[in-house]
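Protein sequences, first through last, are from chains A and B. Counting along the first sequence from 1, when you hit position 20 you're at 20 in our numbering, and nothing is skipped either side. Counting along the second sequence from 1, when you hit position 76 you're at 76 in our numbering, and nothing is skipped either side.
Hints were generated in silico from the structure; no laboratory data involved. Heads up, the beta-carbon is just placed ideally off N, CA and C, and yes, glycines get one too. It cannot be assumed that every hint is accurate.
Covered by chain B, per the in silico footprint, the following chain A stretches (three or more residues, Cβ under 8 Å) [claimed, not checked]:
| # | region |
| --- | --- |
| 1 | 16-24 |
| 2 | 53-61 |
| 3 | 66-72 |
| 4 | 116-129 |
| 5 | 136-148 |
| 6 | 390-398 |
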Amino acid sequence: MTSQRTRTIEVGAITRVEGEGALRVKIENDVVQDVQLSIYEPPRFFEALLRGRPLEDVPDITARICGICPIAYQMTAVHALEQALGVRITSDIRRLRRLLYCGEWIESHGVHMHLLHIPDFFGCASSIELAKRYPDEVNRGLRLKKIGNRLLEVTGGRAVHPINVAVGGFYRAPRRSELQSLRDDFLWGLDASIDVTKWVARFDFPDFVRDYEMVALRHPDEYPMNEGRLVSTVGLDVPSQEFETHFDERQVPHSTALQAVRLPAETNYFVGPLARVNLNRQLLYPAARQLSDDVGIAWPCMNPYQSIVTRGLEVVHAFEEALSIIDDYQGCAPAKIAYEPRAGEGAWATEAPRGMIYHRYRTTSEGLIEFAKIVPPTSQNQRQIEVDLRAYLPSVLDLPDAELGMACERLIRSYDPCISCATHFLKLEIDRQ
Amino acid sequence: MSHKPRLAVFKFASCDGCQLQLLSCEDELLSLAESVEIVHFIEASSHVEAGPYDIALVEGSITTAHDRQRIQVVREQSQTLVTIGACATAGGIQALKNWGDRADYVRSVYAQPEYIQTLATSTAIADHVRVDFELRGCPINRFQLLEVLQALVAGRKPRTPTHSVCLDCKRRGTVCIAIARDAACLGPITQAGCGAICPDFQRGCYGCFGPSAQPNCDSLADWYVQDRTTHVQLVPLLRNFNADAEAFKATGDRIDPHSEPGTV
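Produce the complete structure using the sequences and hints provided.
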């Protein structure tokens, strides 16, 4: 009788991701028994601490869920609250919000591509190590990120936790001259981001093609950011307000993050730039649209490693759209639509850099928050990541434990998980039996 | 220091925004990597070295029993410990639970509270270990962060202002919005560092950098109340990202008839 062989692989702290998570994999006789992406990031209870606060505070407070994608929280919150209050914003405010979101996509995708993800494709521990071999490419990435931050500063007041987003619009509209001052950098950024996308598209990607349900927003006239219907690659097509009818959150013992599932069958699904491009490629701005034809990918793409190419395409799109908004901008008056507090309820979804994000709020007649629900992108992807790790592991079981752990980390990083976001949300331990 | 100082970055309960400011030093990041050896920065590098460290940057607040132990280990391993941001220096926005019912908080977010282990409070790092320098802000200002790192490498005291936001508004030439627009602005009692951005965007300061040196919070609060700002507006203003900073907390509790701090 042969003895049972048990392997436990543990990655105590997944590196180059936003926030704190770990992975634990248990393997018995070369069969993967369990995969737990655990989030040990301490819970911060945002939904609870919003209760009783003035509704005006919500964009400022929810921004603090994540330092990399505060705009996503601010945008989703203000739209949901405007639903509750019956506020209709102007087309000028709507365009300025898209401009702000362009800044966050450029900054957030810039951070993930250059500082967190690209080092994987060169066997480097960090972008600082990568910079010794590829200084021009790393510096180009840092400059792209800086330009995104600059747009956030001009439009939002500052890059991390912007102060200019209000329920109803903006505290102050940016001046035309301020936006015009960005124009030369944005022209450079458009060209540079096309070069970056062509570069990353040539990387060597593992042949890991999956059968996903991909979910994103879709809008008839524009690439989805602030508004759209919830659609999926297997036929979902509903208003974003119906999110909770089609999706639900589950709690698992190994994580301080809730895991979202697709109803009714409680299946996993995939959100993020790869889902957005697959579902909305025809709506990319012209240079990004053309580039998507030229990068050698047969769409729809179901290889999560190639998410980095779709991040590049979205940065190109964001530069193009931002230039268009900047060129047309004649000011925005009023900057903010006035409203009266009322008892109401509103729900909304937008597209954070990492994928679709959903908020729902109930307000009181005094203008206070009575109830808040927040579903960030990473808690939606968490179960998909675990399922994908389980499918991926059999192909790499021959690797020694340390390398196996690193291979798992590389797959996890391709989703760009944002763990601070998901906590109400992740630790990699691999248990080989 | 004869060798390049070994720099470590640690995260506790936080949003990552303050350590992101280190990565946001786009023009200085690579040269910074020349003057210090970044040996522990989980978010930026897979190369992770054990202590001891010369400089530790600590982000986030203490909210779990595990983290209460972990900060002790970080302190033991670190020559100089610098806290970065409002969470690490004052407990952060999550310190609002210090005024609430913890069980109720857990229940309202998690269906199965028994899986969640959390302390009743969110507290500053200095409540647990000796801190050598506190850098304020929600988020911190990256130029101040560079100043602190450069000062520590050079072996001198960091120069960061402790005056109020008001002074920076005057320097910028921003019209006072508390006077001109009747906005409840915390600028007179809030430490500078943000660049006085909120008044420039036509809104009152909400105190991201915490109390300035010798703030007269009671006087300002009374003046706003006489000026028609209600307690309902003022208490949450004092009680946000630096809610647990002593000066803001004392005044917020004084003017809040419902407040029973510490009763959790």
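Comparing the hints with the structure gives:
no. : hint    : result
1   : 16-24   : holds (count 5)
2   : 53-61   : holds (count 5)
3   : 66-72   : holds (count 4)
4   : 116-129 : holds (count 7)
5   : 136-148 : holds (count 6)
6   : 390-398 : violated (count 0)
In summary, the structure is inconsistent with hint 6 from the numbered list given earlier, while agreeing with all the others.
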